[in-house]
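Undergrad: Throw the hints in and build the complete structure from the sequences for me.
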Amino acid sequence: MTDGAVGSPPPVRDLVGHADAALFDLDGVITDTASLHMVAWGDMFRAFLAGRPGVSGDLAPYTDDDYFRHVDGKPRLDGIRAVLASRGIDLPEGEADDPAEADTVHGLARRKNDAFLRALDEGVVAVYPGTIRLVQWLLDRSVPCAVVSSSRNARRVLEAVDLLDAFAHVVDGTTAQEEGLRGKPAPDTFVAAARRLGARAAHTVAFEDAESGVRAAADGGLRVVAVDRGAGHAALVDAGAELVVDDLAELITVDASGAAAPGGP
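Counting in the working numbering, the sequence shown runs from 1 upward without gaps.
Since the hints were derived computationally from the structure, they do not count as laboratory data. Worth double-checking, as some hints may not be accurate.
[Claimed, not checked] Derived Cβ-Cβ restraints for the label pairs, each shown as a range:
(1) 195 to 142: 15 to 25 Å
(2) 168 to 90: 35 to 45 Å
(3) 114 to 10: 41 to 51 Å
(4) 91 to 198: 36 to 46 Å
We put the beta carbon where it would ideally sit given N, CA and C, even for glycine.
TA: If you want it as structure tokens, here you go:
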């Protein structure tokens, strides 16, 4: 694991079990739906870009690097705008009810969401066991937990894995739209979740896997633990993570009495 710059004491690994609240991103932290999102984004953008001429020849094909650089952790529309801008493509915004066939930002958003929902319906959503262990351990210690996700499908995914009741609140893309909250990398959704739980930002721990999410939580004054699912330890530390682990179960140890306790070697 990698430690980043530590803010005010105690170190974040020691705060975890005594935090006012714990806020978890969904895709890539709790559930392995990030892989479904990656496939859906890739299918949509590769089909859209195929044969579409650029200013000087064909456009660069969409790759997984585009996902981590432009899309991961961001609201759907912002991710689309970022990828289009990286190719110098200017599409009309369109309207929220645009059909998937429309070559607009909203049309592409519908294509991507349709692809994700098909993948969700066709497959079994996997969870990360280490994260579930940590959530249960926190709940046993009366640390309230919430989900902070850019996805508008967060509740549907949590219901699919029978975890919705484990979280006191879900602040997702739908919440952000209804309440006028800016999406990640802005801190609004994390700050809103902490307030819902009556938690002090400096005593709240956020768990993220995306650079945009790490930056959002850090900018909101939260303590941040990142789990590396592919973004890279260095990039996550640069974004503001105080600690980067490969599995959130690394935050749980067993003390001399045999009780689970936070912290690592």
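Undergrad: Work down the list of hints and note, for each, if the structure agrees.
TA: Each hint tested on the structure:
no., hint, in the structure
1, 195 to 142: 15 to 25 Å, "holds, 19 Å"
2, 168 to 90: 35 to 45 Å, "holds, 42 Å"
3, 114 to 10: 41 to 51 Å, "holds, 46 Å"
4, 91 to 198: 36 to 46 Å, "holds, 42 Å"
Of the numbered hints listed earlier, not one is contradicted by the structure.
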